[in-house]
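Chemist: Make a model of the complete structure from these sequences and hints.
Protein chains: 2
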Amino acid sequence: MNKVNLAIGIHNHQPVGNFDFVFEEAYQKAYVPFLELLERHPKIHITLHYTGILFKWLKEHKPGFIPRLKKLVDAGQIEMMSGGFYEPIMSVIPYRDKIGQIKKLTDFIKTETGYSARGMWLAERIWEPHLAKPCAEAGAKYVVLDDSHFKNAGLKNEELLGYYITEEEGCTLCLFPITEMLRYTIPFQPPEKTIEYLRSIAEKGEDRLVVFADDGEKFGIWPGTYEHCYEKGWLESFFQELEANADWINLIHLSEVLEQTPPLGRIYLPAASYREMMEWAMPTTAIHQYDKFENILKEQDLHDKYKVFVRGGFWRNFMVKYPESNNMHKKMMHVSQKLAQLEAAHGNDNKFKQAQDHLWAGQCNCPYWHGVFGGLYLPHLRFAIYRELIQAENLLDEIERSPEEQRRGWLDCQVKDFDADDAEELLASNSKMNLYFSPQNGGSLFEWDFKPKAINLLDTLARREESYHEELKQLSHQSINEGQNPKEGVPSIHEMTVTKEEGLQNLLFYDWYRRTSLLDHFLDQKTSLLNFSRCQYQEAGDFVNTAYEYSFESNDKIMIVKLWRYGNVRSGSKLIPVYLEKKISLKRAEPEFKIDYVIKNLTESKHSFWFGSEFDFALLAGDAPDRYFVFPGHTLEDARLRSMGEIANAKEVQLKDEWLGISVSVKVDGPATFWRFPIETVSQSESGFERVYQSSVVFPNWKFDLESNETWQNRLVLRVDEL
Amino acid sequence: MNKVNLAIGIHNHQPVGNFDFVFEEAYQKAYVPFLELLERHPKIHITLHYTGILFKWLKEHKPGFIPRLKKLVDAGQIEMMSGGFYEPIMSVIPYRDKIGQIKKLTDFIKTETGYSARGMWLAERIWEPHLAKPCAEAGAKYVVLDDSHFKNAGLKNEELLGYYITEEEGCTLCLFPITEMLRYTIPFQPPEKTIEYLRSIAEKGEDRLVVFADDGEKFGIWPGTYEHCYEKGWLESFFQELEANADWINLIHLSEVLEQTPPLGRIYLPAASYREMMEWAMPTTAIHQYDKFENILKEQDLHDKYKVFVRGGFWRNFMVKYPESNNMHKKMMHVSQKLAQLEAAHGNDNKFKQAQDHLWAGQCNCPYWHGVFGGLYLPHLRFAIYRELIQAENLLDEIERSPEEQRRGWLDCQVKDFDADDAEELLASNSKMNLYFSPQNGGSLFEWDFKPKAINLLDTLARREESYHEELKQLSHQSINEGQNPKEGVPSIHEMTVTKEEGLQNLLFYDWYRRTSLLDHFLDQKTSLLNFSRCQYQEAGDFVNTAYEYSFESNDKIMIVKLWRYGNVRSGSKLIPVYLEKKISLKRAEPEFKIDYVIKNLTESKHSFWFGSEFDFALLAGDAPDRYFVFPGHTLEDARLRSMGEIANAKEVQLKDEWLGISVSVKVDGPATFWRFPIETVSQSESGFERVYQSSVVFPNWKFDLESNETWQNRLVLRVDEL
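Note that the protein sequences, when read in sequence, are chains C and V.
Quick note on numbering: the numbering used here labels position 274 of the first sequence as 285, and the sequence is numbered without any gaps.
Quick note on numbering: the numbering used here labels position 258 of the second sequence as 269, and the sequence is numbered without any gaps.
Some hints could be false.
Chain V stretches covered by chain C per the calculated footprint, using a threshold of three residues with CB under 8 Å from any CB of chain C [to be verified]:
(1) 29-39
(2) 96-109
(3) 178-192
(4) 289-296
(5) 337-349
(6) 360-370
Dumping the calculated DSSO-like pairs for lysine-lysine here, alpha-carbon to alpha-carbon at most 30 Å [unchecked claim]:
(7) V:Lys309 / C:Lys318
(8) V:Lys462 / C:Lys152
(9) V:Lys152 / V:Lys229
(10) V:Lys115 / C:Lys427
(11) V:Lys303 / C:Lys215
(12) V:Lys484 / C:Lys167
(13) C:Lys678 / C:Lys537
(14) C:Lys152 / V:Lys349
(15) C:Lys167 / V:Lys309
(16) C:Lys318 / V:Lys303
(17) V:Lys121 / V:Lys67
(18) C:Lys309 / V:Lys318
(19) V:Lys585 / C:Lys114
(20) C:Lys121 / V:Lys427
(21) V:Lys114 / C:Lys349
(22) V:Lys152 / C:Lys349
(23) C:Lys152 / C:Lys364
(24) C:Lys318 / V:Lys167
(25) C:Lys14 / V:Lys243
(26) C:Lys167 / V:Lys303
(27) V:Lys484 / C:Lys309
(28) V:Lys316 / C:Lys309
(29) V:Lys303 / C:Lys309
(30) C:Lys309 / V:Lys309
(31) V:Lys215 / C:Lys303
(32) V:Lys114 / C:Lys427
(33) C:Lys318 / V:Lys316
(34) V:Lys309 / C:Lys316
(35) V:Lys318 / C:Lys167
(36) C:Lys585 / V:Lys14
(37) C:Lys427 / V:Lys152
(38) C:Lys484 / V:Lys115
(39) C:Lys215 / V:Lys585
The hints are simulated quantities; they were obtained by calculation from the structure and are not laboratory data.
Glycine included, each C-beta is placed from N, C-alpha and C at the ideal position.
Modeler: So, in structure tokens, the structure goes:
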């Protein structure tokens, strides 16, 4: 019997900002039992990757874990793999951060385990051809990628039993193809399936290499897998099978492969990730088309043969599909650029290094995209990204601002194409807040950072059609039943459809604009709180998503940003020309800004208007007792942040979040009707479809008549305080 | 009727090293008539791109041309487009060269026409996502790409009637999608087809943009197109149609579009090129599969609907498919790195700038790949690349070497992974030659540069199976018949199959190793000159393509590179262990090197051997009276470089090339049988299948017996002289 080399790589990761109980559960159900199993099976040689995030948590909360790991490393059983410390999508972070993140994890591993890691895990295996250079420059000798990447370059299965070498600007990097088939057999099929597959490889030639590399959470955390892998002993059996066949299955570290055998050849891989990811990165309508095409090919038995030519989209387009992902990314780029500018003068300051670490933590990939995991849909993960980035900015402020400024506060306004849409945004800030305005998109406010708490108060997500909503609409409700597995093994998460709550299909409303703030709506009489909240009303004005003109001025004490537009409001079949102006003013050190609205009827006759200004506050939990609305002078039947309701003739609303320790208030000079309603999304996660509270809309609105050339004026005051 | 904006972009290009008569013909049949037509149609506003190569030729040979162009530019009729001066594949050249090449063309255009170009043509529309940064940094505001690039990201046809904006590390770049359909209707379908298409776009909405951009050679140079476009007046009619419909077809410059309308949105495009290019970049077997798949989809009417998900390979893999392309590319990288290292100290020297210009000329894309054009298969284009690169090196030598070294010569040997295969190569040089050895691949010599003439004497190409050979084998010979067009218009070059010579299918032999030199062959008795020349013999040794050990030593006067291998020679069913050593020596300033061969029988018994050392000399023309073989003391019946024959008991062969002014000689101490035969490839070009002479193999070989532990020794002397 020919020998076959099997390299097993396990990638363990938890996102920045994940709940502590999730870390704890993953520790108890995946990381510890896996390590214990390895300790009992010293012949099972594997390559392990822990992201820096997880390592930091382990070091702090489970001080015994890394020393246990080190023993296996010292014994030569385990090879450690590096990667970006905070698991960023390597291709979309700046060059200096690429290098820095990899070196940070390599250094950590060296310090904690004494091991000099030669390989790196590439987050989500998102490859772009220019990555060979920064990876190599950061010291990596190899990266593991999906075999589909290689097939996209025209290689066949039988050409993937080894590794290749690639190059960029003279830097070389070795690339290992991960066998896709094993991603589905381990641990979802009986161990013999994997052994059979290895036998089929061994039969074809001597000393070929098969690489399995996948998420460690597949062993214990994914639904049903703890019972399957440990209670029912799948992993124990698998390891026993490997040991029983040790005469022909040679477990090998990836770095040993590099030492022992030359590459199979040279290769250049296009921008790619695993097949599912490339599908998710497409617009929803394209996903529908793609699914149809795949089904046709499967029905005709063409899929297996020709799927190498069938390809989805490109990871970076998550930033197009979800402007909220783009917002995070461009905020990250903004902070990284500031940092890079300060490097020459302050690179060795402690604060600079802390800021850099916060920036890198803010590059953690999980909330930048969405596929089978919640990702972008999970507010606590986005919250963590903004917290890290704002903390980085705060530290840079401390470096950059004079003691005088730090005492008295300051005012600053930068005009730049922040979000890469070829239009300018206004980035206003004082010592307490950042206020980012987009003249191009309705003169809206798309980010309001409260610096003392490092929170972006507007970090919400619009409700969008997702390809899987189709499935939800058709789903007759079924509940998860982990005990009974319909097939052998447990279903992979790509095969399951489960809802965590009944009636989710009734929550599928889609927003036609991004849920930012300071959005100027004109309504008609058919509009109700209900249809407005569902985005199923008719907008009467053309002030949302359209371009405003802008100016700003500032003296030492006050800054005024002026946004205005000449637009139209529809009334029956007529268009009424209207001038709308909003003058935002803020002071040096106040966590507050005022908005002076002017609306002018530009026609020769009198007209009635129904106008409101929309704010979307993202305070993480819609249904918690310590998070609630207060309307001073009013008692609310339901004050939860996800409550829906109307308060007439009010002058103030407050949103209290005792957990975050903040209170956000919207005051109006002229009394308004305040609508409030939640934005709740329906998204898929590895454990099924779920409703997620994203934010609470506060919508003060007014009905008024204006004579020819008459103006309506009002002042709004927005403020955030620490509780 | 709604208006539609039509932007026409024409890209004119000739490769570095193309024959002067080709430039002249293209000038007469394409560039001049097109310009004349524009002069007669002042309302036809278009965007023009000429590569720097063509501009330089025009400036030198047709001094009136650019001033005529300038008039149309001044009149606002023409927008000029920049790009890489020498039309490199932007993604595979070093960063500093990317910037430098773009700025050079922009500066040239500014100087010659006064126009500040804002857009750039990207050679072969080969996009990689990280290109946004260097393009933007070099001053480009936009690039034109194929619509297929955008569809690969999941966009639909109706979403491509405008432009998008992309970003990399904070740099933004606008991207225009070229409508694929118009690449086939213009000029290959009657003008009305294009008008009809534009009408269908106009009907769907106001002010949409349609971009046509393609090669200018399509109008006059591609087979049949001069007659079609000018003699039969296709272009005149097309322009008249555009003028006649000027009330709704608005001809617009691409830069005007940027000024007048915002982008349709943000986009990130994967690594891509036009569909055909992505197919050509795949291995031949994958192309066969891809074609089959496409045919199945077409038969089932699925292709049009789903082709956006069907994709071929990745441009950079031409360097994998053709090691000869990789050789040029890595030589280019090698020279670019040397140049970059000298920049700080010598960046302002005239010689440095000249060297840089030669380097950039050596980046011209045409011979780095092969598709429907000859490209890599054309020796004169590869010759030009090496000439430019060696000239650059010569100038860097002049900068770097001391006067003493320049007078006396020098010796140098660098050990590096030159070709990015994870193995080390030896780059030996003296003041007259570079000798590049690959221990890993048979201890071969893969580049021999003769510096005084700037020629790589080994620049040949192996014979490989191409996907279109299948077609050739099946082809009942048809000849080109330009007068009778089977369909309306003329066939596009993607639709034609023509052979330029009969019997080409009888030349389809494939090499199992790359045709480098100093290759150590052991033959068996069944081998003949004929089957050896066709690569249809059985190699008896294991010394070709396998790893040699190496060492080198050098003193002030002589350098010795030693390559050796313990291998085996098959004799019947037995394997005879053999030690082979070759000691290469060269002096400081001699265009000559010696090879001392030692072959030792490591067995206990006597054996017979048939050994030969292969050299492949590439001297551009196989059939010219001023290029021929000389065997001193022998008269050859056929001395052409593509002649095949055997001379027994000879001690020297010379290859004379009076046109290049060089003589290459191979001398042997112990008389040999000299075989000679040509390497001729069969490739496709835009005008049909053609036979191309690549090089002449010189194969001195010896039959000898060796007793146990006995050695055979011989000395070869290789030399090149100027005639």
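Chemist: Mind taking a look at whether chain C covers the stretch 337-349 of chain V? Criterion is 3 or more residues with CB to CB distance under 8 Å.
Modeler: holds (count 3)
Chemist: Taking 30 Å as the top limit, are the C-alpha atoms of V:Lys318 and C:Lys167 close enough?
Modeler: Answer holds: V:Lys318 to C:Lys167 is near 21 Å, not above 30 Å.
Chemist: Would the pair V:Lys462 and C:Lys152 pass a check requiring their Cα atoms to be no farther apart than 30 Å?
Modeler: Between V:Lys462 and C:Lys152 the Cα gap is close to 36 Å, so the pair fails against 30 Å, i.e. violated.
Chemist: Tell me if the straight-line CA distance from V:Lys152 to V:Lys229 falls inside 30 Å.
Modeler: holds, 27 Å
Chemist: Between the alpha carbons of V:Lys152 and C:Lys349, is the straight-line distance 30 Å or under?
Modeler: holds, 24 Å
Chemist: Examine the stretch 178-192 of chain V for residues whose CB is less than 8 Å from any CB of chain C, and state whether their number is three or more.
Modeler: holds (count 5)
Chemist: Within 30 Å, alpha carbon to alpha carbon, are C:Lys309 and V:Lys309?
Modeler: holds, 17 Å
Chemist: Need the status of pair C:Lys167, V:Lys309: alpha-carbon distance at most 30 Å?
Modeler: Distance ~24 Å between C:Lys167 and V:Lys309 Cα, so the pair holds.
Chemist: Would the pair V:Lys303 and C:Lys215 pass a check requiring their Cα atoms to be no farther apart than 30 Å?
Modeler: At roughly 27 Å apart (the allowed maximum being 30 Å), C:Lys215 and V:Lys303 satisfy the hint.
Chemist: Given the hinted pair V:Lys114 and C:Lys427, is their alpha-carbon gap at most 30 Å?
Modeler: Roughly 25 Å between the alpha carbons, so the hint for V:Lys114 and C:Lys427 holds.
Chemist: Between the alpha carbons of V:Lys484 and C:Lys167, is the straight-line distance 30 Å or under?
Modeler: Holds, because 25 Å separates the two Cα atoms, which is no more than 30 Å.
Chemist: Check whether the Cα positions of C:Lys585 and V:Lys14 lie no farther apart than 30 Å.
Modeler: holds, 26 Å
The structure fails to meet hints 1, 6, 8, 19, 25, 27, 38 from the earlier list, while all remaining hints are met.
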